[in-house]
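Protein chains: 4
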Amino acid sequence: MNKVRIAIIGATGYTSLEAIRWLLRHPHAEITYLASRKMEQPISDLFPELLGRLNLPIEPFDPQAVKARADVALLCLPHVAAMDHAPALLDAGLRVIDLSADYRLKDAALYEHWYKHKHVDAANLAHAVYGLPEFFRSEIKSAKLVSNPGCYPTAAILGIAPLVKAGLVEPADIIVNAASGISGAGRTPSQQHHFPERNESFEPYGIGSHRHAPEIQQTLSGLRGREVQLLFVPHLIPMDRGILETIYLKPVAGATLADARAAFAQAYGNEPFVRIRETNLPSTKYVANSNFLDLAVREYNGRFVVMTALDNMVKGASGQAIQNMNIMFGLPETSGLV
Amino acid sequence: MNKVRIAIIGATGYTSLEAIRWLLRHPHAEITYLASRKMEQPISDLFPELLGRLNLPIEPFDPQAVKARADVALLCLPHVAAMDHAPALLDAGLRVIDLSADYRLKDAALYEHWYKHKHVDAANLAHAVYGLPEFFRSEIKSAKLVSNPGCYPTAAILGIAPLVKAGLVEPADIIVNAASGISGAGRTPSQQHHFPERNESFEPYGIGSHRHAPEIQQTLSGLRGREVQLLFVPHLIPMDRGILETIYLKPVAGATLADARAAFAQAYGNEPFVRIRETNLPSTKYVANSNFLDLAVREYNGRFVVMTALDNMVKGASGQAIQNMNIMFGLPETSGLV
Amino acid sequence: MNKVRIAIIGATGYTSLEAIRWLLRHPHAEITYLASRKMEQPISDLFPELLGRLNLPIEPFDPQAVKARADVALLCLPHVAAMDHAPALLDAGLRVIDLSADYRLKDAALYEHWYKHKHVDAANLAHAVYGLPEFFRSEIKSAKLVSNPGCYPTAAILGIAPLVKAGLVEPADIIVNAASGISGAGRTPSQQHHFPERNESFEPYGIGSHRHAPEIQQTLSGLRGREVQLLFVPHLIPMDRGILETIYLKPVAGATLADARAAFAQAYGNEPFVRIRETNLPSTKYVANSNFLDLAVREYNGRFVVMTALDNMVKGASGQAIQNMNIMFGLPETSGLV
Amino acid sequence: MNKVRIAIIGATGYTSLEAIRWLLRHPHAEITYLASRKMEQPISDLFPELLGRLNLPIEPFDPQAVKARADVALLCLPHVAAMDHAPALLDAGLRVIDLSADYRLKDAALYEHWYKHKHVDAANLAHAVYGLPEFFRSEIKSAKLVSNPGCYPTAAILGIAPLVKAGLVEPADIIVNAASGISGAGRTPSQQHHFPERNESFEPYGIGSHRHAPEIQQTLSGLRGREVQLLFVPHLIPMDRGILETIYLKPVAGATLADARAAFAQAYGNEPFVRIRETNLPSTKYVANSNFLDLAVREYNGRFVVMTALDNMVKGASGQAIQNMNIMFGLPETSGLV
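Respectively, the protein sequence lines represent chains E, Y, H and W. Heads up, the final residue of the first sequence is numbered 367 in my numbering, and it's a clean run with no missing numbers. Heads up, the final residue of the second sequence is numbered 367 in my numbering, and it's a clean run with no missing numbers. Heads up, the final residue of the third sequence is numbered 367 in my numbering, and it's a clean run with no missing numbers. Heads up, the final residue of the fourth sequence is numbered 367 in my numbering, and it's a clean run with no missing numbers.
One or more hints might be untrue.
Repeated chains share a single entry, so a pair holds when one copy, or any two copies, can fit it.
What the hints assert, rightly or not - In silico DSBU-like pairs for lysine-lysine, Cα to Cα no more than 35 Å straight-line:
id : residue 1 : residue 2
1  : K147      : K96
2  : K145      : K279
3  : K67       : K145
4  : K194      : K279
5  : K96       : K170
6  : K147      : K67
7  : K32       : K170
8  : K279      : K135
9  : K67       : K173
No lab work stands behind these hints, which were simulated from the structure alone.
With these hints in hand, go ahead and build the complete structure from the sequences.
What follows is the structure, encoded as structure tokens:
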């Protein structure tokens, strides 16, 4: 079997590093192109952990050169930059997996409201597939452009969708209390994420203004067929990687915990990367450096409490991108991800 | 002014160490007695940070000796042990501040349900005063026995009570999502709190079974005059000290964010240790090693979101005990706590 | 190619968990037996991260049963326990890789001095091979019993041996200042490694009494052919995994930094898991979750300063054990370790 | 007693914040002026932990206004900026404590070599007193300008000076292996100190190029009366605050551990902020948030090993500055520092 050849566009950020780490042990894929505007030098100068592991240079972005050497491009770029690069790659005939937010919100006006920037690629937005395999596997298979979900949305949607789809919970009374390690904030230094500010600190942020809220709402509404509304409150945890979401849902009359468990079992019984926990609760520790999402559901004082955990860099970003790539190219879905 | 003389009973745990740290700089108080069954040796052998700062030995518990040398006893004992020691001290004429849970739940049956142990001191339970100065200052002033609140309850009650008292929120639809640093789990080692298990880990625990839930409910119900119900879900943060609670409340019809702000301003306008944040959100970092509780309130998709932060060892334990002591002995309330 | 079948004896500690994690992605090996006295239940009850990844039960230790199902046994036991289990496995015809200290010190009297316990398996001690591939690869290939090196010794020996062998440094004036993450202390909880004691704490320990000092000295003396002496001072770092050693050596007259670099290049030029850093210094971060040892050498005020970093759970324990297994069974040395 | 009035020049960095925290509880001092070029707003907007604790605005630097309202200025500025501000303050008649490096190296040429910047205030450099109370208390008392020592140098000099002064160790064979928490790097964000880069990372830096090496050497040489030489290798610890130095010294012929202990006892027997540990070793945890330096000495394979620990923000910076201020103004030396 020929290996799938992968170009990473925007090679200098954390999602790129994480994709590289996993792809280096992928039996059926290989990295053939690293692109960035920032520098032309070995990637191991930038990421010292890659010394002796990947000897590719960082090259300028050239869609034709990418096409000549790769089958698929992972866009590890910030939003706005992603939609500046995707059209040329798609036009050149490459398949594209975009890890930014640029193709997640199907409504360009909604995108412009939340991201404060004009959407410049409506054409490709129209056919982009939301890359959440548990719900959109068949569309991903044939997609030209996959929009890889956000880290918080992956944990929220997987925790809520089976209940909403089964009509077991009130769709307008959902609270998502989320917490994330700091790698989720990216590689660019800032006062807020300077080590002595962040260490030994736990705090909420972005209440009512976090861009992942509309992404969660859009996807859940789509899966339900009618509008879903929620409160999404994220927090920062003083650690590297991991998201844990504690989700409070109101059962509809008659819905029981057994119903909720059955809905999850049905949705995820055959999923390779979703684990339902019975005897203990999810923890970021149990999913760190893995592509698993762990999930548990409990009932408490008239609410369902669903807890989900994932590694924001893996199932929340680059691991899910590789899972999508495996699906797109007909590889075993867990290839390179165990 | 004569200094208030303090005995610490149960000197070998974290709440004792924290009380000592603060009392060493208290201008109007001095530690005169340290009691524990565990050892008779200098306290600095046990807590190396106290070397050269406090040269008292750890002595056996002897109520008459305590009475001869102290005005007030801080019980830094585990629950059950506390109610074994309190009666003799009270009988000897000492005033007592209990940092355990033994006198927090006014209903002995409720205590027995949650703590799985018979309550053996109903007599003193009857007159114990709940030591939350912001709501019970006048009772604390003359109390013989003050029951110091739990760490989570302090953060929850201060965040909810003004809204419940003012009738601004639905009293049966309150969700408290709480998170705590690990010092709150005490000084006894365990698998769960072994460093490599806990570090880089964030997880929920004790859903529906945490003993602080009935304490919060009892106090809020008392302040409201009718029953209050809530969901309380705690989480562990990989850091030393700090609690942050994110509280979701449903406004009653017509209640506005301005009403909520006014209720907090009225409740805490003159409080020395409650700070209301307008321009940023609470963080455990801002209250670490201080006796402050920080609070902010926001409105989001039809809910009030109240966030409170405190240091679980200070306002959540030993600092609040000293605040209570200051009140009981007529000292300036902030003495030794700035 | 048939897969190498592996039994893990002593399955409930951290070195076992780490071995399992790596072996699950090893293309030419499979775990077939998990033994422990402690419990008979699925391993994923003990290590929740293994849920859905390894469904073997934990079984009692039965050498014949092990032999029937495995080719090699990894002993992940504490010292003393290891030499209680190894003979029966060797007698049954299995090859054994011992991760404890029981077969590291070739002189049983020295073992007894440092480990305060009689050595009960002198017969196997005599032929045990020290499992440091960079220096003993050919002996490992045919060994029945491999004694896997300690975590600190791996980092120290790899940093010093090429210089000592080449006669470039004074063999009696070597200082090893070492620091380790806390997973190196094992899985058993203790006051010392209770999260709130260890977090935000950096401290030395075991000066002159750490058992890894004689192991380092014995191996370096053996490689040199004459005695080598050193100071070894370990410290605890408040993090999970990683060892960094800063080694101060005195060049003999005429020895230059270029000589030192040449000695390292010659020793490690073809080594798959030793990386020599030119443009930056080693960091525990760059080797975390990998089997690499990173090394740099500098000259400063008349000393060579050698810095080495590795992940104490991987190259310092279970990764190196797998590297040894690969060598023993003729597999590519990097199999399962990229 | 009138309170000493203090101006903080350069109010927006960590040393300023730390000075403010301690001064707020100083019984004989008060902050009257906060200066910075950066902003004119309440200090609590910048440092949210100060909300409700200090209501001074941040003002422009105006030496005459400072003089009108303060007795002493703490310069919490970066180097170079400090010597731009000190002369005007001294000319106006204020006493000055400079926390930067600008007046530490007595030889302006040495300063220029290490700090790559011309020294522009030779006049005041000539009379600046090195603010290490344990060795220069009497000069500090009457100093106009005190140069507060660096954090690493404080821990190194206090650990070495008594041995060098007593002639107990070889003055050219001293190795200082140092490690520091990240607050020592200051408040300006950088890639290197971005949380996800620094967390779970331990690494050496600045070998042979750290500016604290000449400061240590100069002071020790001065105390000895002849040249002292050393290797100084710093490391970064993933935690907020704390320095631990492990110092390797070679005893001169005949010098014993008892001699070393006696030298330390004589030097520090009456010192309020130096603690000598017998029964356990220093740890950053035991000195965190205190002005203590902890010290222990051991003998091992022909070397003295001295370990020192301090809080880099307190005894290593702002606490020591306040100790110096107490000395300069005739206050009890421990005022505000317990």
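Structure-based check of each hint:
1. With identical chains, the CA atoms of K147 and K96 are at most 35 Å apart within one copy only, with a shortest distance of 28 Å there and 54 Å across copies.
2. Proximity of K145 and K279 under a CA criterion of 35 Å is satisfied in both settings, with 33 Å inside one chain copy and 31 Å between copies.
3. Proximity of K67 and K145 under a CA criterion of 35 Å is satisfied in both settings, with 25 Å inside one chain copy and 29 Å between copies.
4. Proximity of K194 and K279 under a CA criterion of 35 Å is satisfied in both settings, with 14 Å inside one chain copy and 25 Å between copies.
5. When the C-alpha separation of K96 and K170 is checked against a cutoff of 35 Å, the pair qualifies only within one copy, where the shortest distance is 20 Å, while the shortest distance between copies is 45 Å.
6. Taking identical chains as interchangeable, the C-alpha atoms of K147 and K67 lie at most 35 Å apart whether they share a chain (24 Å) or sit on different chains (34 Å).
7. Proximity of K32 and K170 under a CA criterion of 35 Å is satisfied in both settings, with 17 Å inside one chain copy and 33 Å between copies.
8. In this assembly of identical chains, the alpha carbons of K279 and K135 lie at most 35 Å apart whether taken from the same copy (28 Å) or from different copies (31 Å).
9. Only within a single protomer do K67 and K173 lie at most 35 Å apart by alpha-carbon distance; the minimum there is 27 Å, versus 50 Å between protomers.
The structure shown violates none of the earlier numbered hints.
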